[in-house]
Amino acid sequence: MSAAVKRENLQLWILCIPGILKVLVFSYIPFMWLLMAFQFYIPRRGLFGSTWVGFRNFEYLIKSSVATRIITNSIVINVLGIVFGTVVAVILGLFLFEISKKWFLKISQTVVIFPYFVSWPLVGILVSAFLSERTGMLTSIIDLFGTRPDFYSEPDVWWGIITFSNVWKNAGLSAVTYYAVLMGVDRELYEAAEIDGAGRFGRMFSISMPALKLMIVLNVIMSSANILRVDFNMVYYVTNNAAALYSKTDVIETYMFRALRTEGDYSIGTATGLLQALVGFFLTLAVNWISKKLSEESLF
Amino acid sequence: MKQSKLNKMPLKEGVFIYGFIIVFMVLVLVPFTVLVSSSLSSTVSIRANGARPWIQDFSTDAYRIVFMYPAEMLKSYLVSIIVTVAGTFINVILVATSAFAISRPQFRGKRIVSFYYSFTVMFQAGFIPNYIWFRNYLNIFNTYWVLILTPAFMVGHLILLRAFYSGLPESLYEAVKIDGANEFTIFFKIATPLIIPGIATVCFYSVLTYWNDPFTAMLYTDDFIPVALYLTRITQYIEFLKYAQQNGFSGVDFNNLTIPEDTIVYAIAIATTAPMLCIFVVFQKYFVRGLTTGAVKG
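Here the protein sequences come in this chain order: P and D.
The numbering used here numbers the first residue of the first sequence as 3 and each following residue consecutively.
The numbering used here numbers the first residue of the second sequence as 68 and each following residue consecutively.
Bound conformation, chain P alone (with noise of 0.2 angstroms):
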């Protein structure tokens, strides 16, 4: 390496300093209190005066009806925010890229990105304003058919509220993502499929369609690598973390924080998040690995 070379890697070096120490001491450093999963800890006696009970947390965990109440809502949940969100944002993004009044196309866009401006706490209120038992919208108009119903006390129907409410949230945004890529689309292709007859819808499958597969494909197997990771606030909050509707809307990270929060029992929490982290890193790994692969054949 020449002199130059050397210095201008050890400037590079330097300026990424910052973000090295933030990482580290934000990210990497926590990874200790990890072993706390192995340990029946108590925060007064620390890491190593804390017993260890190898792996008798995990044990607890596996046992307890908990586990299979948390897996199967976060997996639930997921699935179908990634199916309907998917479904959902393709139509849209393919249907705004047919619209050719320029007013309403500007309208449209900022229309559907706007919830995503939106906290999650807001969501809550407003789910609250259509459901709530005193005042809601849609428990008042269905009184008027003779039965009022409690939705926060009636757990079966919130896996659809919390989808729909994700799919409110997010579905424009990626809606817009996909209308995006259409617009790189070359033109000559529709020109030419306008020209051998083809219908708009036509030609949506015919050319929108192959235009997008791979994006759809790529996001969701990468939303797949997520499954058991969920958005904390959309549950906690579109919920208003009724603790009558827990057995169709307890998630992982609202246990763990019930855990840590509430309970103050760290070790089974700290199990918990080590079994979710696991998980995710080898499906993480699995899916890089597959959209490698879909992204190099696609290029050819």
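Treat the hints as calculated values from the structure; they're not laboratory data.
We put the beta carbon where it would ideally sit given N, CA and C, even for glycine.
One or more hints might be untrue.
Stated by the list, open to error - Just some of the chain P residues that point at chain D, by a computed CB distance under 7 angstroms:
hint, residue
1, Gln13
2, Leu14
3, Pro123
4, Leu124
5, Ala131
6, Gly271
Said to hold, decoys possible - Simulated coverage check for chain P against chain D, where a stretch passes if three residues somewhere in it have a Cβ under 8 angstroms from a Cβ of chain D:
hint, stretch
7, 93-100
8, 132-143
Please arrange chain D on chain P, whose structure you already have, making use of the hints.
This is chain D only, laid out in the frame that chain P set:
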């Protein structure tokens, strides 16, 4: 270019396509209409009929009550503004410096540094180890630091900015290098000013993340209530008002106002979210640009 495919849309298809988009827009807008109209209705009519997308028995009581004791809300605004501004600033600096370095082809640490960062996305300790570390050892529990630093250095932003920096041709730097400029000069004086659109996009994402984040404050603080969390403290506020009304509160006259329990939540929701939502809508072009760059440069 666009005309040829857009001249004629057969009626049936048009109804279907426009119809779908309009239905989606209505589903997006109705909840906000319900929110606004309920906040401007009297609590008695809301209690009697339920919330509706139109104003029932117009009343500004809810807003008057909200602004009667604005101190708590203003304090929340202050917390959110401090955290968002400082956090965005720190996040952008951290991300930009590293993104520039790993975008340089001659940087030998490129691969290892990239891996060091991306590993934190693949495997995370989770919030319980963080909590113990922050609280018992780092002593940043319940401080501004934890709110500002924890979300900083978002890896997605790193990837976005790296794509922007990589788009700059190396030849740009050759001339100044001959004049003896070092990498710091290139970073601050040449490369970064050229990717201001990318920086703006990252700022936008960053502000959005910090502003709408109730979780960090809920998890790592006891006394900080950013506006995203303030919404959830409404029941406490109503209890306080009731107490103040029953026991008399120095210098405040309720004028026999009934506390609008069922509409005050909507008024607070609007008072705490409307200003920022307007700002997001005004600046959303930076947001959309980030999406397109991400999509094209993958």
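**Asked** Failing hints, ascending?
**Response** none
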